[in-house]
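Asks: Read off the chains here:
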Amino acid sequence: MNVLPTDPAARAAVRQGVSVSVATGLYGISFGALSVAAGVGLGPTMALSLLMFSGGSQFALIGVIGAAGTPVAAIATATLLGLRNTLYGAVVSPLLQVRGWRRIAAAQVTIDESTAVAVAQPDPAVSRIGFWVTGLGVYVLWNAFVLLGALAGDALGDPRAWGLDAAAAAAFLALVWPRLAPRRAQLVAGLAVAATAVLIPFVPPGIPVLAAAAVAIVVGLVAPATVPAEAPSEPAGDTPAEPGTESDREPAR
Amino acid sequence: MTTAALWTTVLVASLACFALKLGGHLVPRSWLASERVSRVTTLVTVALLVSLVVVQGFADGRTLVVDARVPALAVAALALALRAPFILVVVLAAATAAGLRALGWG
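Protein chains in written order, with our numbering: chain A, 1 to 253; chain B, 1 to 106.
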């Protein structure tokens, strides 16, 4: 493997980036198939993957469209879900130290996976390697497999027969799982489940998700800075631990 | 949704998502250092993802249903509790739902 850097830490970062890229990229097949099945054609499906490039937002948008939701609900849901990438950008920006068009490229590949691999590395130089290998690797493979899934969508038939609807639900569960450790997150999750389940029969698709977000905003604004019961388990506060929490799972493999 | 509305939705949402990413790279660190801002962002992400699990796992249009997706989610939760990797969790859930439907349930 002459292409790998000689520094062991850099080699580890490259390996993590490649394995996360392959795992995430493969999942693009189900997005491509589900998006076409939801009535989003091949062109808009690829535009979403290439331009939006944020799995949660992409699934949310086609979910609202597939459920005959309004454009405003679809845009709002996808945008709110993309809000966490702002936080990730602020976290990785000091590590990357880039300007101009490279900063544009870095912003576009700032997602869960690239941030998780970047922050898991021992020093900024290795973080940069981890970020770019993961970000560009996921970008290329995700879009390639979305195209494959979208083209094979008709041949696959009903995505439900393949369990792809359950796969999407499981993917959201897997994304939220490592974030549920703090007590306050569990409280918000419980309220979000209740708000969503209560509203689904009564309001247009997409609105229950926004209502759940509104509940979280209210809790975040009115809650005290630290809940005494959870202080010992998360001395660093909620946010700095977030990307690291995820990185504990994925790139460690 | 018309083709024009669909493309508008896709492009506006994509632009908004890119602006959010770039915004993170451009904001002064002091702004995000606000404990309240970071706390709200963290909790909103949790609420959105949990809400999407409910919508994607239990909704059929405007009806709440229990079908093959529910045991699939249970299998996914078990796999997550056992620290299975992301891709395995997703594949196990799909296989569970596909298997149950092949048997004629859900």
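Careful, some of the hints might be misleading.
What the hints assert, rightly or not - Reference excerpt, derived from the structure (chain B facing chain A, CB under 7 Å, subset only):
id	residue
1	2
2	5
3	12
4	28
5	45
6	56
7	62
8	65
9	78
10	82
11	89
12	94
Said to hold, decoys possible - Cβ-Cβ distance ranges computed for the label pairs, FRET-style:
id	chain 1	residue 1	chain 2	residue 2	range
13	B	12	A	204	34 to 42 Å
14	B	62	A	105	16 to 24 Å
15	A	6	B	27	34 to 42 Å
16	A	7	B	64	29 to 37 Å
17	B	95	A	125	40 to 48 Å
18	A	183	B	3	24 to 32 Å
19	A	51	B	60	28 to 36 Å
20	B	60	A	9	45 to 53 Å
21	A	8	B	66	22 to 30 Å
22	B	103	A	51	22 to 30 Å
23	A	97	B	99	33 to 41 Å
Hints are computed from structural coordinates only; laboratory data are not their basis. Think of the CB as a built atom: it goes at the ideal place given N, C-alpha and C, for glycine as much as any other residue.
Asks: Could you work out which earlier hints the structure fails to respect and list their numbers in ascending sequence?
Replies: Of the numbered hints given earlier, those the structure breaks are 1, 4, 8, 9, 10, 13, 14, 16, 18, 21, 22, 23, listed in rising order.
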